[in-house]
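Given chain A, put chain B in place with the hints provided.
The primary structure of each chain is shown beneath.
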Amino acid sequence: MKVTILLFGIVRDIVQSGSISLESDSISTVASLKTLLFEKYSKLKTYSNFSIAVNEEYVEDSYVLKNNDTVAIIPPVSGG
Amino acid sequence: MKKENISILLTSEKLNIQTCYDFVQDSSCGGIALFVGTVRNLTKEKEVTQLDFSSYGPMAEKEMQKIAAQALEKFDILKIAIHHVEGELNIGDIPVIIAVSAPHRKAAFAACQFAIDTLKETVPIWKKEHFTDGEVWVNSTP
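Protein chains in written order, with this note's numbering: chain A, 1 to 80; chain B, 1 to 142.
Only chain A is shown next, with the shape it has when bound in the complex (with noise of 0.2 Å):
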């Protein structure tokens, strides 16, 4: 499965990324892909708090994520 991953905030910074590909058959729930990116860029887990969004709104842990998804990795947020 594919999906591609927008980076926010201070996550987009740790990265150094704003948008990242990632194909992998591990992929089935936003938690599995939440392990995967935790091993491909362990500082990650420092600031785990984060929130998943798919296709703009915001999922548990639980989702499934479907091939092609766009799933947005959302810090704490501080607007206003």
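Note that these hints are calculated values from the structure, not bench results. Hints are supplied without guarantee of correctness; some may be wrong.
Restraint ranges, calculated between C-beta atoms of paired labels, are given here [as the list claims (entries may be wrong)]: (1) B:ILE17 / A:SER24: 45 to 53 Å; (2) B:LYS74 / A:GLU39: 38 to 46 Å; (3) A:GLY18 / B:HIS130: 18 to 26 Å; (4) A:LYS66 / B:LYS120: 29 to 37 Å; (5) B:GLU73 / A:LYS40: 39 to 47 Å; (6) A:SER24 / B:VAL136: 32 to 40 Å; (7) A:GLU57 / B:HIS130: 47 to 55 Å; (8) A:SER19 / B:ALA69: 26 to 34 Å; (9) B:THR43 / A:ASN55: 32 to 40 Å; (10) A:GLY18 / B:GLN70: 49 to 57 Å.
Reference excerpt, derived from the structure (chain B facing chain A, CB under 8 Å, subset only) [unchecked claim]: (11) ILE91; (12) ILE94; (13) ILE116; (14) VAL123.
Below, in silico cross-link-like pairs of lysine to aspartate or glutamate (EDC-like), each with a Cα-Cα straight-line distance of 16 Å or less [what the hints assert, rightly or not]: (15) B:LYS62 / A:GLU23; (16) B:LYS128 / B:ASP93; (17) B:LYS128 / A:ASP13; (18) A:LYS34 / A:GLU60; (19) B:LYS128 / B:GLU47; (20) B:LYS66 / A:GLU57; (21) B:LYS120 / B:GLU47; (22) B:LYS14 / B:ASP93; (23) A:LYS34 / A:GLU23; (24) B:LYS62 / A:GLU56; (25) B:LYS66 / A:GLU56; (26) B:LYS120 / B:GLU86; (27) B:LYS46 / B:GLU121.
All C-beta atoms, glycine included, are put in the ideal place defined by N, C-alpha and C.
Frame of chain A; chain B shown alone:
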């Protein structure tokens, strides 16, 4: 809930208080509550020189729309405007305006507070504070 009673804006242009006021103003309403966020010069006694707002634009607009729709459902109000800025701001500049009109003031105050509180929790916008000796993403300490 009527969509024409909602005004949502995410922009890199300067926000306009009058625009928000004019949108919600209505002869059936007895009051308008207006919240205007302004950039403060200090954070924990450190001098802030500049702020930088970035957003996940399409999702931020959706979440702002949701907040407005919820406010219209929960409170006895007529119209609501939620406007937010992205990009660089200086001290005293306006990052956010919420305007709410209602037949009676209580609902206007309550809806205005609900909207700004919820915005600060759910809308994917991030603020970077610039100090004389560095910069920090607000709320992002591990």
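A:SER24 paired with B:VAL136, Cβ distance criterion 32 to 40 Å: 33 Å, holds
Can the hint on B:ILE94 be confirmed by a CB-to-CB distance to chain A that is less than 8 Å? 11 Å, violated
Within 16 Å, alpha carbon to alpha carbon, are B:LYS128 and A:ASP13? With a Cα-Cα distance of about 11 Å, the restraint between B:LYS128 and A:ASP13 holds, given a limit of 16 Å.
Supplied distance hint 29 to 37 Å, evaluated on CB atoms of A:LYS66 and B:LYS120: Check passed, 31 Å falls within 29 to 37 Å.
So the hint says 45 to 53 Å: do the beta-carbon atoms of B:ILE17 and A:SER24 match that? 49 Å, holds
For the pair A:GLY18 and B:HIS130, does the Cβ-Cβ distance stay inside 18 to 26 Å? At 20 Å between Cβs, range holds.
Below or equal to 16 Å on CA atoms is what counts here, so check B:LYS120 against B:GLU86. 14 Å, holds
Quick one, are B:LYS128 and B:ASP93 close enough, alpha carbons at most 16 Å? 15 Å, holds
Distance restraint between B:LYS66 and A:GLU56, which requires alpha-carbon spacing of 16 Å or less: 12 Å, holds
Would you settle whether the hint for B:ILE91 is holds or violated, based on the nearest Cβ-Cβ distance to chain A being less than 8 Å? Check failed: Cβ of B:ILE91 comes no nearer than 16 Å to chain A, outside 8 Å.
Taking only the CA atoms, is the gap from B:LYS128 to B:GLU47 under or equal to 16 Å? 14 Å, holds
Satisfaction of hint between A:GLU23 and B:LYS62, Cα-Cα up to 16 Å: 28 Å, violated
The structure fails hints 7, 10, 11, 12, 15, 21, 27 (numbered hints given earlier, in ascending order).
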